[in-house]
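Student: The residues making up each chain are set out below.
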Amino acid sequence: MLKLIVFLLIALRALPLSADNTPTASFDIVASKPVDGWLWNANIENLYDISQYSTNSKSVAGTTIASGGEITLSIQNFPDSSSGDYEDLFKVKFESESAGKVSLDIKMYPFSAEDSSINLPVQYKMVENRSYSHPSNYTPNGFSVGNNQTFYVTVENSAGKSQNVNVLNNSSIVSFLDGNSGKIGLFSYELTVSARFDGSQDGDTVNSHRWTLPIEVTLTVGGE
Amino acid sequence: MKKITLLILSMLILLPLSAALKAEDYRGFRLSAQKGSYREVSVEVISGSYLDEAGIPFYVTDSTVSYGGSSEAVSTKRRIATWSLHSNSAPVIQIHAPHLAHSNGTVMPYYLGFYYRFTNNNNEEKNGTIVVTSGTTYDSSKDTTCAFNDPNTEVVNFSALPVRFMLQNIDPSDDSYPYGTYTATVTISIVENAQ
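If you're matching them up, the sequences are chains H and B in order.
With this note's numbering, the residue at position 196 of the first sequence is 196, and numbering never jumps.
With this note's numbering, the residue at position 31 of the second sequence is 31, and numbering never jumps.
Derived from the structure by calculation, the hints contain no laboratory data.
Just so we're clear, the structure is a prediction, and the values are computed from it rather than from any experiment.
Check each hint, because a few of them may be wrong.
[Said to hold, decoys possible] Below, a sample of chain B positions facing chain H; criterion: calculated Cβ distance under 10 Å:
(1) Ala81
(2) Leu167
(3) Thr183
C-beta atoms are modelled at their ideal positions from N, C-alpha and C, and glycine is treated no differently.
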């Protein structure tokens, strides 16, 4: 009986080895196309006498690629609502291809006196231009193109206001790839931000303080 | 007598030095044998500096990655791995190579070249490259150019021979392929020889 048990144990031990009839080896190949092929030329162009300004370098998808810090500018000759003019401050530009989404958030504040708690209310004007080109005239769903789309934001207190511009449809991922032609399109975006005083300003008040105009620009690409 | 004793003692002192066994003086190797058929295949990927843990990495726009050209050209293109094959029963191999695929469904075709070299029953050296087109399953029994089908081939033994890679008719400058990661899992199997 013992011999039989030993024999069965040996036979069971040998079974998995002899049943391995299909030796197999596998490996993964991973290819990546750099994000540089998707979004480039992102920058914030200074259009005014901005003395303090910084931008972050371009990074990978899903992260903030550009943001501006606080700016300080001369406001003695800054236009107000009585003149009807706006002063251009800066321009946000980028180009994009492929699937993804892009959001641009601009947080605006009034002029604030460095040596006092007073503010000067500001009207911001943002003019957006979008263009799209594709080798096969393919037009993807989920986003629009057009020139001179304008947003206005008035900021009266130091809490600031945020204007989120979903330059692509932020609720869904837009693919610029035409499945039929296999070609991909190019999306160009430009937003010009300008400002003026909201109302007429007393010259004595303006001249008796140093003023700052904090503006935060955050351009985020990618993400699911 | 005293001199003879001293001489013998001196020789005995010297003897262990000259007769000492030093490891570096000896080389050996281990022989193993197996009765019956054996089949074994393995792949060793060549490590890169990026995404090692996920497989064999490359950038589509990397200048070291070749693209375009005929499938024959793959035998000189980028070396991405080595493979080893041991069989004593005229092996039939199948290689399944799906296209590289992006998460949005875009696929990227490529070629793989598996170089082989072995000596057949007539002591003739056989060598060549198995070219696999992605999106297909290669079967060596249907490849008339593969020396595995040579009637004098029974034992195939080689180790660490190159596996080469080439993208298929892709021009990265035309922006036809979106950015991101493309992956594929390649599987090599030695199947039961029907003969």
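Student: Look at each hint and say if it fits the structure.
Tutor: How the hints compare with the structure:
1. Ala81: Holds: closest Cβ of chain H sits about 6 Å from Ala81/B, inside 10 Å.
2. Leu167: holds, 8 Å
3. Thr183: Hint on Thr183/B: holds, closest Cβ of chain H at ~5 Å, below 10 Å.
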